[in-house]
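If you read the protein sequences in the order shown, they are chains A and B.
Last residue of the first sequence: 319 in this note's numbering, with the numbers rising by one and none dropped.
Last residue of the second sequence: 248 in this note's numbering, with the numbers rising by one and none dropped.
These aren't lab readings, by the way, just hints derived from the structure by calculation.
Be aware that one or more of the hints could be misleading.
Lysine-lysine pairs mimicking DSS-like chemistry, simulated, CA-CA at most 25 Å apart [said to hold, decoys possible]:
| # | chain 1 | residue 1 | chain 2 | residue 2 |
| --- | --- | --- | --- | --- |
| 1 | A | Lys187 | A | Lys16 |
| 2 | B | Lys50 | B | Lys198 |
| 3 | B | Lys246 | A | Lys276 |
| 4 | A | Lys16 | B | Lys104 |
| 5 | A | Lys316 | B | Lys246 |
| 6 | A | Lys13 | A | Lys56 |
| 7 | B | Lys246 | A | Lys181 |
| 8 | A | Lys291 | B | Lys246 |
| 9 | B | Lys198 | B | Lys81 |
| 10 | B | Lys104 | A | Lys124 |
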Amino acid sequence: MAILVYTESEQGKFKKIAFEVASYARAIADQNNTTVTAVCINAESPMDLEIYGVDKILNISNPDLTTFNALSYSQSILQAAENENSNIVVISSSADSRYLAPLLAVKLNAGYVSNASELPSSYKPLTVKRTAFTNKAFENVQVNTENVLISLAKNSFSINEVKSNTSLEELPVTVIENDTKVKSVEKATDKVTIADADTVVSAGRGLKGPENWGMIEELAEVLGAATACSKPVSDLGWRPHGEHVGQTGKPVATNLYIAIGISGAIQHLAGINSSKVKVVINTDPDAPFFKAADYGVVGDAFEVVPELINKLKTFKAQN
Amino acid sequence: MKIIVCISHVPDTTSKINFTEEDTKFDRNGVQFVINPNDEFGLTRAMWFKEKQGASVDVINVGLSDTESTLRKALAIGADKAIRIDMIPENGYNVATQLASYIKNGNYDLVIAGRESIDYNGGMVPGMIAALNNSNFINNCISLEIDGTNVTAAREIDGGRENIESSTPLVIGAQKGLVEESDLRIPNMRGIMMARKKQLEVIPPIESTNQTNSIKFEKPIPKGEVTLVSPDNLDELINLLHNEAKVI
Ligand SMILES: Cc1cc2nc3c(=O)[nH]c(=O)nc-3n(C[C@H](O)[C@H](O)[C@H](O)COP(=O)(O)OP(=O)(O)OC[C@H]3O[C@@H](n4cnc5c(N)ncnc54)[C@H](O)[C@@H]3O)c2cc1C
Ligand SMILES: Nc1ncnc2c1ncn2[C@@H]1O[C@H](COP(=O)(O)O)[C@@H](O)[C@H]1O
């Protein structure tokens, strides 16, 4: 058995999820007494992976892969898998990885399990738990093929630092041009994104209007958090579509999710309930969110949030 | 232009999720089924191509006869023809193989599927169709224009958007943002009457393998009680988040 993990980077720097998937791949290797090879594309310092239990690193340096292209990236990872004779390939659940995954699965002739939330429970045949029904349930899936592709759900496996004797090789790949080309990217570079954040501060219709988001952004800034919102808030145009979280929006799997003036409708909760710790601030003690939260404050956001910002600033200054 | 929209028939978003037969099957008792929301965004965009550019729009589902109400709804919204591949949709690959084969024979220019289904959440079917048929593929699609064979589109990325050029034949993974919420259509009486006369073709599946099998479902462990903190004592909240939850 040989294990390959695709460790994603952005502008040359590894993403945090790269270390999560490397740690997960290491754990699979330990259960099977085998080694882990990581493949990375245009990483600036591939050896950063050596403390996450990777035995071998294949770095692909190729100017044709400077911007993400699902087909070219899947072909490159495929070449790494063929090079290593890998039969288990692990990737993250980032938007890019889940874009290339089905292309890779078909070419690898691999059974594909997305959103895996734990280590496989057995290997003969490989069986692994994944989230389904938008986090309202888990599904145990058995894979019948020789090759397996697993995408690991975000924040479901903790990063483990284990130093190994890591070797580094350059992997030359053939990139075949295809018709799908990125022309431009519009992205706010100064903001933490929902996908990368450890904390998300989210607000709903209880905020009354877009002019009241100043305090939400300030709270997010103090916490180094990303901002998000409920569906009606983005439908009303108070906030951009990309901030909408929930069953029909973005999924949120952070360490801390703070919901302010959000009632806690089932469709909202479905998208955020794989976050580890949930805090709700709402005037209505009967708001359904209180049943789903870990900590709650029954109070007016317009009083509680500014006060919380002040206290957090004091806390940060002392810690 | 020939468009086909892949429609998955899913429990309404308000449904309580339960399982039967020793947690091996989804319990359909009392559950309302709807068009998968991501597919509905895609279907709505397809209607725009039909009305503005004279495209034909077929809808297709892999499922048993219980999904026909959902296909009829898509016809009532304005699709021209429906196809049902008569098979239990066991897993994403199996569904994708069935769809890819039908689509290849039908020479469709544009295949619209959802970014993911809200029941299985596989996020696999559109990409697999593209890979099986060697079509171009744009996932998380939030904008789409087609002129001849030229495609101008956008994909949602973390914290922004990517503007893309491509060409047909194309598969997209549709999601919120592709159309405005206010453009979504509720079938009217005329649409429902017309849908009764439209063709719903039932075809047998082709042979395909199950790369994966679902063996058992589980429900999340129920949550403990919420710890309430008084709004006058926010220091306590910070203390709990720092020392107990260890998240700040
Ligand atoms: C098919 C479908 C899909 C959907 N998908 C999603 C989804 O993905 N994500 C999503 O979020 N929703 C989704 N919804 C909508 C969902 O059902 C709810 O309507 C929505 O989540 C409610 O948003 P809200 O909590 O911001 O607003 P409301 O329900 O209006 O709640 C506002 C809350 O703010 C509180 N409040 C008022 N004033 C204050 C104050 N001063 N301080 C503190 N609290 C205050 C109120 O007590 C109330 O609880 C979907 C609905 C459907 C039908
Ligand atoms: N049984 C099915 N019949 C037709 N289309 C489907 C079916 N299952 C999934 N799809 C399509 O594939 C998309 C993604 O589904 P999934 O890969 O299950 O997340 C859905 O939004 C549909 O467009």
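Each hint, compared with the structure:
1. A:Lys187 with A:Lys16: OK: A:Lys187 and A:Lys16 at ~19 Å, within 25 Å.
2. B:Lys50 with B:Lys198: Status holds; Cα separation ~16 Å.
3. B:Lys246 with A:Lys276: Since the Cα atoms of B:Lys246 and A:Lys276 sit roughly 11 Å apart, the hinted pair holds (cutoff 25 Å).
4. A:Lys16 with B:Lys104: 40 Å, violated
5. A:Lys316 with B:Lys246: Holds: A:Lys316 and B:Lys246 sit about 14 Å apart, inside 25 Å.
6. A:Lys13 with A:Lys56: 18 Å, holds
7. B:Lys246 with A:Lys181: 43 Å, violated
8. A:Lys291 with B:Lys246: 21 Å, holds
9. B:Lys198 with B:Lys81: 6 Å, holds
10. B:Lys104 with A:Lys124: 35 Å, violated
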